[in-house]
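Visitor: Protein sequences appear in the order of chains A and B. Here the working numbering is used: the first residue of the first sequence is 47, the next is one more, and so on. Here the working numbering is used: the first residue of the second sequence is 467, the next is one more, and so on.
One or more of the hints may lead you astray.
To be verified - Derived SDA-like pairs (lysine to any residue); straight-line CA-CA distance at most 20 Å:
{"hint": "1", "chain 1": "A", "residue 1": "LYS190", "chain 2": "B", "residue 2": "ARG809"}
{"hint": "2", "chain 1": "A", "residue 1": "LYS192", "chain 2": "B", "residue 2": "LYS856"}
{"hint": "3", "chain 1": "B", "residue 1": "LYS773", "chain 2": "A", "residue 2": "ARG62"}
{"hint": "4", "chain 1": "A", "residue 1": "LYS143", "chain 2": "B", "residue 2": "GLU828"}
{"hint": "5", "chain 1": "B", "residue 1": "LYS813", "chain 2": "A", "residue 2": "GLU183"}
{"hint": "6", "chain 1": "B", "residue 1": "LYS856", "chain 2": "A", "residue 2": "GLY193"}
{"hint": "7", "chain 1": "A", "residue 1": "LYS143", "chain 2": "B", "residue 2": "ASN829"}
{"hint": "8", "chain 1": "A", "residue 1": "LYS192", "chain 2": "B", "residue 2": "LEU818"}
{"hint": "9", "chain 1": "A", "residue 1": "LYS192", "chain 2": "A", "residue 2": "SER248"}
As the list claims (entries may be wrong) - Beta-carbon label-pair distances, calculated as ranges:
{"hint": "10", "chain 1": "B", "residue 1": "GLN767", "chain 2": "A", "residue 2": "LYS176", "range": "38 to 46 Å"}
{"hint": "11", "chain 1": "A", "residue 1": "THR234", "chain 2": "B", "residue 2": "ARG730", "range": "45 to 53 Å"}
{"hint": "12", "chain 1": "A", "residue 1": "GLN168", "chain 2": "B", "residue 2": "ASP919", "range": "15 to 23 Å"}
{"hint": "13", "chain 1": "B", "residue 1": "PRO921", "chain 2": "A", "residue 2": "VAL195", "range": "40 to 48 Å"}
{"hint": "14", "chain 1": "B", "residue 1": "ARG859", "chain 2": "A", "residue 2": "LYS190", "range": "15 to 23 Å"}
{"hint": "15", "chain 1": "B", "residue 1": "ASP919", "chain 2": "A", "residue 2": "LYS49", "range": "42 to 50 Å"}
{"hint": "16", "chain 1": "B", "residue 1": "ALA732", "chain 2": "A", "residue 2": "LEU225", "range": "50 to 58 Å"}
Simulated from the structure, these hints should not be mistaken for laboratory data. Note that beta-carbon positions come from the ideal geometry of N, C-alpha and C, so glycine has one too.
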Amino acid sequence: MKKLRILLADDHIVMRSGLRALLDRQPNLEVVGESENGRETVALAASLKPDVVVMDVGMPILNGIEATQTIVTQCPTIAVVILSMHADESYVMRALKAGARGYLLKDSAAADLIGAIQAISQGKSFFSPKVSRILAEDYVRVLKQKGAVDTYDLLTSREREILQLLAEGKSNKEVATALNISPYTVETHRSHILQKLNLHNSAELVLYAVRKGIIS
Amino acid sequence: MTEKKLDTLVASPFQGRRQFGSRAALFAGFGTLLILMAIISIDSLYTLEAFETHNTQIRQDLLYREHTLEQVRTSVYESGDIMSDYTVIESDLHTRERLRTEFQSIHSETTALLKACIQSLPTDKRDSFQHLGEELERYWSRADPIFALRATEKKGLGHSALRSDVLSQYAEVLAITKEISAVNDDELKEADRRISETFAQFRRRLLMLAVIGFSFGLILATTTIVYAGRLEKRVEDKYEESLQAQRELKQLSKRLVEAEERERRAISRELHDEVGQCLSALLIDVDNLTEMSSEEGAFRQGLQKIKTLAENCVNEVRNMALLLRPSMLDDLGLVAALDWQAREVSKRTSMLVDTVDENVSENLPEEYKTCVYRIVQEALNNCSKHAYAKNVRVVVRQEPNYLRVSIEDDGKGFDASRVRGLGLVGMNERVSQLGGVLKVESDPARGTRLRVDLPLPNPSDDSGELSS
């Protein structure tokens with residue numbers, strides 16, 4: 047089986063070497079490059095064409111989120127997983143908007159990184175369990191405080207099914223194939239889902255799914 | 467500048483005394499001027515009055531003398547007539563007796579009149595009148611023989627001789643009266659001359675006093691103007707100084723705020739990036755070790771313990787760093803930071819914080835982000851601490867040339883016109899540093915609404931690279 051090629055971006059040498067030690071022990075993974083700032087990462091991603099970029103958020107010159115946006119725009123096949131210190135949804139949201147497929151907390155990187163790399167390289171989304179938990183808790187708490195109705199209840203079972211598939215990172219076409227329906231039908235369902243849940247884009251949809259614990 | 471301030475501080479009591487001294491001098495000056503003017507007026511009035519009295523006196527005296535002379539002349543004429551009549555009338559004893567009596571009465575009246583006049587005269591002017599008196603006396607005495615003549619004798623020889631004798635004396639007396647009249651006229655002229663002389667003198671004195679008064683007034687006015695000018699200058703200097711001090715204070719407070727923010731960010735970054743990352747790396751290494759080791763039991767347990775400790779440390783450090791200054795503010799911008807804050811406050815307190823952002827740029831200048839963030843932070847703090855609010859709504863809206871922030875709560879409110887806590891003062895300070903306006907509307911039982919308008923530096927650069 048072909049090894050997954052990985053680019054490691056973090057401005058902290060200690061962090062990089064720790065991650066590298068972790069990844070090097072995996073037989074099916076190969077670290078093809080390391081970078082210590084956003085701009086270098088963008089350049090290396092363009093030249094090395096790795097399968098996965100492991101991206102730190104706080105980096106000099108160009109931060110990880112902006113670098114992610116550039117890389118994903120330039121080369122959509124590269125999957126980016128964000129490594130962050132923050133479990134806060136504003137970071138998660140921004141990472142998703144920038145096009146990252148995975149969001150990991152640094153303190154649980156050792157446990158989750160391997161799984162995350164494998165998931166996102168297959169086109170799925172991945173979030174640290176702690177992040178999912180915090181987002182879900184926040185969501186429930188706000189609903190409670192506001193005394194609002196959970197909009198999830200408004201969705202039909204078909205829509206829920208499609209929501210999950212979309213949130214996992216599947217394209218309209220893939221969903222259509224999986225459910226044996228037309229891609230246009232998927233698109234219609236998708237826009238209904240966004241409308242009912244008061245969401246505006248795929249990133250928000252993914253975030254919603256994480257909050258609801260639909261994906262993790 | 468500090469030295470200068472110290473100078474003025476030290477100098478002020480002396481300055482106060484000097485000021486008091488010059489004020490006293492001014493009072494004295496104006497007082498003297500008033501007294502001088504009063505003296506001039508009183509003196510002039512007095513002189514004029516004295517002069518008038520003197521003038522009247524002289525004229526009355528002269529008139530009196532002239533009158534007396536006139537009287538004397540009349541008497542002489544009348545007595546001459548009587549004498550003629552007497553010599554002409556031959557019989558009628560009775561008529562002759564009457565004429566003699568008449569003559570006698572004229573004689574005595576005139577003598578008395580002249581005597582009174584001489585008495586009223588000063589001694590040095592008596593001579594001419596005394597001479598007149600003597601001549602008059604001689605005239606009377608010449609007349610006596612005429613009345614002594616018998617009727618028969620009258621037509622005789624002695625008659626014409628006597629008559630010519632009396633007539634010559636008669637002429638003599640009239641001549642003297644004319645002389646005296648002339649002298650009187652001279653005296654009147656002399657008096658007139660003296661009057662005009664006195665007037666001239668008076669005019670000179672008045673002129674001199676006026677000149678003195680005017681000069682004094684001029685000096686006083688000049689002094690006053692100079693003094694007032696100096697005072698004005700000093701007030702201006704003081705005003706300028708206080709303005710300068712105000713500017714410096716403002717500058718200082720701005721720098722303080724900036725320094726505080728800078729320090730916070732530095733410490734936050736240090737904690738987050740250095741300590742936090744090291745701990746995270748430590749965690750990964752511990753995991754790596756755990757993976758690699760084939761041992762079981764105590765060693766693994768030890769590693770697990772280290773891992774738990776390190777995880778706690780990471781959480782602690784992250785919270786500390788966020789508390790000092792949320793990294794979202796620098797990494798993700800104002801809106802993300804406000805959202806995070808709202809979530810954190812909602813989590814910590816019983817308040818539900820809702821944030822709404824309209825059109826807010828991610829590239830707001832650093833000081834605007836910080837300002838708005840800190841104001842919202844302080845406001846939320848107030849809402850939960852003092853207002854016991856249940857719901858708070860934070861709205862940030864960006865317009866082409868200003869940024870508007872409003873924070874509304876449904877708490878118990880307060881009297882905004884009276885209460886002004888330190889928190890509000892601090893907010894106001896931050897806002898005014900950016901040239902903005904902060905308004906607080908609050909009524910007890912109606913909640914509080916805080917509104918901030920910040921002018922944006924460059925409207926056209928709205929979406930540009932402001933965050934460099």
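Visitor: Is LYS143 (chain A) close enough to GLU828 (chain B), meaning Cα to Cα at most 20 Å?
Guide: holds (14 Å)
Visitor: Please check whether THR234 (chain A) and ARG730 (chain B) have a Cβ separation lying inside 45 to 53 Å.
Guide: Given range 45 to 53 Å: holds, Cβ gap about 50 Å.
Visitor: Given the hinted pair LYS773 (chain B) and ARG62 (chain A), is their alpha-carbon gap at most 20 Å?
Guide: Distance ~18 Å between LYS773 (chain B) and ARG62 (chain A) Cα, so the pair holds.
Visitor: Run the distance test for LYS143 (chain A) versus ASN829 (chain B): straight-line Cα separation, threshold 20 Å.
Guide: With Cα atoms ~17 Å apart, LYS143 (chain A) and ASN829 (chain B) stay inside 20 Å; holds.
Visitor: Taking 15 to 23 Å as the hint, is the beta-carbon distance of GLN168 (chain A) and ASP919 (chain B) inside that range?
Guide: Since the Cβ atoms of GLN168 (chain A) and ASP919 (chain B) sit about 51 Å apart, the hinted range of 15 to 23 Å is violated.
Visitor: Take a quick look at whether LYS192 (chain A) and LEU818 (chain B) sit within 20 Å of each other, Cα to Cα.
Guide: The hint holds at about 8 Å.
Visitor: Does the beta carbon distance between GLN767 (chain B) and LYS176 (chain A) stay inside 38 to 46 Å, or does it fall outside?
Guide: violated (23 Å)
Visitor: Is the hinted range of 40 to 48 Å satisfied by the C-beta distance from PRO921 (chain B) to VAL195 (chain A)?
Guide: holds (42 Å)
Visitor: Holds or violated: are the alpha carbons of LYS856 (chain B) and GLY193 (chain A) at most 20 Å from each other?
Guide: OK: LYS856 (chain B) and GLY193 (chain A) at ~13 Å, within 20 Å.
Visitor: For the pair we were handed, LYS192 (chain A) and LYS856 (chain B), check the Cα-Cα distance against 20 Å.
Guide: Since the Cα atoms of LYS192 (chain A) and LYS856 (chain B) sit roughly 11 Å apart, the hinted pair holds (cutoff 20 Å).
Visitor: Are ARG859 (chain B) and LYS190 (chain A) spaced within 15 to 23 Å by their CB atoms?
Guide: Holds - the Cβ-Cβ distance for ARG859 (chain B) and LYS190 (chain A), about 18 Å, lies within 15 to 23 Å.
Visitor: Quickly compare the C-alpha distance for LYS190 (chain A) and ARG809 (chain B) to 20 Å and report which way the hint goes.
Guide: holds (13 Å)
In summary, the structure is inconsistent with hints 9, 10, 12, 15 from the numbered list given earlier, while agreeing with the others.
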